[in-house]
Amino acid sequence: MKHESAKALLIGTLGVAAAMSLAMIASHVSPIVGFNAFFYGAFGGKQEIAETLASTTALLFPALGIAIAFRAGLFNIGAEGQLLVGGLLAGWIGTRIDVPPAPAIAAIFIAGALGGALWGAIAGWLKATRGANEVISTLMLNFIAASLALYLVTGPLRAPDAAGPELSLLPHAYWLPTLLSHTRATIALPIALLAAFALRYVLDRTWYGYRLRAAGEAPEAARRAGISLSRVALWAMAWSGALAGMGGAALVAGELHRFNTQLSPGYGFIAIAVALVGGLEPLAICLAALAFGALESGGLALQAAAAVPKDAIHVIEGVLVFALAARRYLGARGTATR
Amino acid sequence: MLDDVDLTCEAGEIHALVGENGAGKSTLAGIAAGELSADAGEIERDGRIGLVHQHFALIDRLCVWENVVLGNEPRRLATIDRHAARTFVRELGERYGLDVDPDAYVEDLPVGIRQRVELLRELARNPSILILDEPTAALSPGEVGRLFATIARLTENGVGVLVITHKLDEVFAHAGRVTVLRRGIVVERRPIAEITREQVARAMIGGEIPSIPAHQPTDGPVLVRVEALAVPGAIEHLSLRIAAGEILGVAGVEGNGQSALADALAGLTPFRGSVERPARVGVIPQDRLVEAVIPGWSLVENAMLGRERAAAKGSWRIDRAAARAQCAAIVERFDVRTASIDAPLATLSGGNQQKLVVGRALIDNPEFVIAYNPTRGIDIGATATVHGELLAARNRGAAILLISFELDELFALSDRIVVIARGTLRGEFSDRRFDRDAIGRLMVSA
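For the protein sequence lines, the chains are A and B, in the order given.
In terms of the numbering used here, the first sequence opens at residue 1 and continues consecutively.
In terms of the numbering used here, the second sequence opens at residue 1 and continues consecutively.
The set of hints was computed from the structure by calculation and includes no laboratory data.
Here the structure is a predicted model, which means the values were calculated and not measured.
Glycine included, C-beta positions come from ideal geometry on N, C-alpha and C.
No false leads were mixed into what you were given.
Every beta carbon over 10 angstroms from chain A, so not counted as near; a handful from chain B, in silico:
{"no.": "1", "residue": "P74"}
{"no.": "2", "residue": "T87"}
{"no.": "3", "residue": "Y96"}
{"no.": "4", "residue": "R125"}
{"no.": "5", "residue": "V200"}
{"no.": "6", "residue": "E254"}
{"no.": "7", "residue": "R272"}
{"no.": "8", "residue": "R277"}
{"no.": "9", "residue": "A328"}
{"no.": "10", "residue": "A329"}
{"no.": "11", "residue": "A412"}
{"no.": "12", "residue": "E428"}
{"no.": "13", "residue": "R432"}
{"no.": "14", "residue": "R433"}
Quick list of the computed label-pair ranges, beta carbon to beta carbon:
{"no.": "15", "chain 1": "B", "residue 1": "A57", "chain 2": "A", "residue 2": "R205", "range": "36 to 42 angstroms"}
{"no.": "16", "chain 1": "B", "residue 1": "A104", "chain 2": "A", "residue 2": "R205", "range": "48 to 54 angstroms"}
{"no.": "17", "chain 1": "B", "residue 1": "D60", "chain 2": "A", "residue 2": "G266", "range": "36 to 42 angstroms"}
In isolation and in its complexed conformation, chain B is listed as follows (with noise of 0.2 angstroms):
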């Protein structure tokens, strides 16, 4: 996984660490902080290192501060001191400006407020180097912004904090020095004024990043219309149309009623208002590991997912040998780098595993493709195979519904792009006009 791989990370510093998916940050992050061993070579600290996971280690159940002192609980005789451990979580919140409500549990709480409190717990314990893995990933524009300014407050006080990521802005905009890490080794190493974007992605992939096939203009009939849509508790009246050979882009923060809308227009969630929309759907979940595959079964097994009755051709019997060379194909198309499509998914990185979900939902030709998140937490090279075989579907004619938490996505894909915020369209952008500030400002309109 990693060779020869050495690191350093000083008080008082941001310092970035990139590099593709598979590259071995995470296992690094976890040497590092002593989750996992390895094999050779040692490891200094001063003081403690605190790591916060990609995915969130909170229990769901139990509120915040019940989460943040867990481990470390005040005690008063055999009970544990509830107002010393409020007062603890509220104080520690207000001086690194992690605004949480300690009484409130977990489970109702939204991404972004939940990896507060992850920071929290691990601030709990006095951490002299803090890692962060991914943190940004799940994250509104302006939860970007707090939780750099957070971070911006740790490093006042002397905290080391290590960022793992794969998004460039962040680094070139906090970050004082960048380790590209590629499949397991240090490529570059360098402070972030003697570095230049470019150089950082060359050096991630390995080579020049593959380009995205250029738009064209639409002017085909609408295949997608949706009038009224109304989901209890998630979405009010809301009409749209996707024509063919268009991608709409609908921005918002998480949980405004995305979920809804791919959900109704996917027809996994019941209704009022009319939906009326081709045939042959490719949808791309938004959460690989629980909605789109089984990770313990073969490449092959989840392929075939949801094309399983195709794939036995009218029969009861699936047709192997069809549904090994309709997984060969996916795999030789969407380039998913694979030992054996035999082996199981989980043995495939992120963005390869994903390649193969969207590898998927394309490769019949789809009408109308459902696309939520696609390239969440996958790497550069993926992202660009994503990116590309998205705009050859809609080159080919496919309606596109593209629900993405990453403006750049959004303007690097749209032909048009939807603002939704409460369940409800705040406005629209076409001609590919996108006005980032004033979609910014509609995301988080009341």
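In isolation and in its complexed conformation, chain A is listed as follows (with noise of 0.2 angstroms):
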């Protein structure tokens, strides 16, 4: 891990602990009673843990999608609209195939990345070839990946049993197996732990990764060099829409066992903050997701024994992100005057 994000995670860490001991004297609760219950909440026993790393599971996907896109240069915020489509595909392939457990979970996850990178590279289609700022484009392909799947569940692929808006129930042996017996804990963070390495090695050791960041860092300088924006820009959104439809598959086939259009609370939204607080690296990420993953549950049990409402802490994670953010150009002040 850098040296930059160790220190970017330090600080958010200490950050975050302050605003949380604020949040908690403002709620009239004693910041020792209030940590006492967000750690239990979110580290206190198996079905607590196995909670946290849920989510943790649930942003770090996503999260990695958008440091590919990032380190190339490409700042895409559809992470959310990737998730749905890559779980919306997930969810309905699971529901059709009948093979094996073991391939059946390789192709849910294999839809969910097609699905995501399909949704992805539009975006990257897009900046491509009529230089459309990614920026705007995923975030309207947000609305449009949500309109849609609303539309698809509750049209024309809607189950003849579903209460709601969703598709059917997966078969039982294609829910991922679990970690923790009887918890949402499954097997989707040994899989996005691999995909961090695999990510790791990918942009630090192979020439594709060492395009991709060049591309990012100076566009100009690795056009002359002879690397192709456009590719990059096609791949980069497409690798980065495949792993937040990975995270989609992960939250089908792990969690509800079927898509719904309630699938995600905004992973893909607090994954920039999660990649943003990882520095873009891997592995820098995986612990940032463990920290908002630690966040997410142990703030619900915060909210139930103390009465610090949820959305408290997350404005603190947007505090965070705000503070991350704001850090770049503070520090660039001092050097800006040559």
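Reconstruct the complex from the two isolated chains, following the hints.
Structure representation (structure tokens):
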């Protein structure tokens, strides 16, 4: 892990602890009681740890995807939509195939990756061929993805047995095996960790990763060195979407066991914060995802035990991202005038 | 950076501050103008010191008068008095012979004119001393002449001008005094009448100037054939040939199609017409920091740029040991001075960064080299290294296209010179019989 990302993590942790103390004091809760409830909620027992790990997994996939795009100089803020489309395709495939569990689970993840990659590649293609700003296109594609998913599950793909806007339940054999029995912590977590190691290897060690980073760091120099910026835009967005889509597949096969439009409570957005807190370094992002996963599950416990609203946790996450983004510019101020 | 430096600039004098890149000239200028702070010592200013940076600090999307009055806008209630501002800028320009349309947008202006805007902006603040950091680095010969005419007018008005440069021609043609800085120390300071050019050059580099290898006659086969090249908006019907073992110099004022020519030959821009060239091309881009390097990355990673796939030798994984060895070879052969090949490139001086860029382009002995202002903004020692390597590549049998805005560089290296103006070739000078006046006239021909 690089020095920079270690520093970002430390600052983030201290900042969040301070902000949480303030939120607790504002809610007339002693920080000691509050933190006790928080840590119990995040790590207090098997069920609590499993919840934290489940949130970690849900954040880790899209955060890794976002890191690919950001490292290639593309501000993909469409992970939420990519996750949704990936989940939709994964949930659909899962109800359509009839094979043994292992290949079925593989097919579900591949479908998720393809769906996400397709959705990401749309923005990448628009950027590569038309120069469309990916911030705007990915943001807008989030809305399109949500509407498309809603249309499909209420219309053409609606399950006959479904109570609401959702697809049929996956066969029980296709549910992801759990790490801890009777919890939501599944083998999706080691898959995500594997993806993180693979991503680190690709970015740091291969010529392909070098090209992505060069294009992100100095596009004009990269272009003149023979690196096709359009190809980078297209593929980096596809890879980015593929990881987010795998996150959707993990949620479908591991938690809900069917596709539902309420699949993600904004994981694709929180993942932006996770990626930034992790300094866009895959392994640091794993730690950042764990921290945010703990915030998610501990925050729920805090709300139940100490009446600190869970929204306060989201405010804190937002402030954290803002502070990290601002830090870059505050730090640059001293050296800007040369 | 600087150690116990003292410097004075008097009203009405032109004082040249010379030194190699990394000697501390820009730092000293920044401290004098109050933009940087010194650890020790003091600065006495009698009035304002204005500083014109080497890299202009203009706002591209504002027009000329807006840039000039920025921070000092004439007001009318809550709004800017545009009329007063325009008049002010026009009059200022007339007073100093800096002819600029106040309503032109900076992004539309060529480099020479932008510099006038930058000068106007400083002059608008009535400086008693004006510091110009490498003011002629991007100017055509004609523009250089105009700039020094303006400087002369300033000194007549009692302004002291400190010119930072490493072009000794300019120093000896215009300056009254010269101060030589080497590694942050003043090593020489004298009135210009009391020192020779050789003494200044020796003081700058702290030793003898490396000589460049002599020319040899060329009669190799033609390697590069360009027929009826056209790039919309930049080049019309341009044809040229370069033989093996030949340096073809392209003389011209910046913005007359040189960039499009270089890009077309490098395969970076679409064109019409035919271009035949060898497959192995080494390119030295014009703008080092934007087009050639990734400043935050290490020397090793920069040396890999453009050859990253070759560095993986058919697999996905980059062979790091080989990449490091390659970088070390460039550093060694091209005399790149660095503490470590793992240091970020940005920690090197401009000259050493450029040596790495040149080394990267030449280390594989390419058959065709495109060198665009290969020594722009770098010091004498680094320039000699780069020139020596280009000649060595030529003597190995490479065809070299040398685009430069400095006639001296073209005269020193070229076997043949063509003149480009408005996207077409206007004349050719072969057998190293170069006529400076004729070339200068062709450069500005309509």
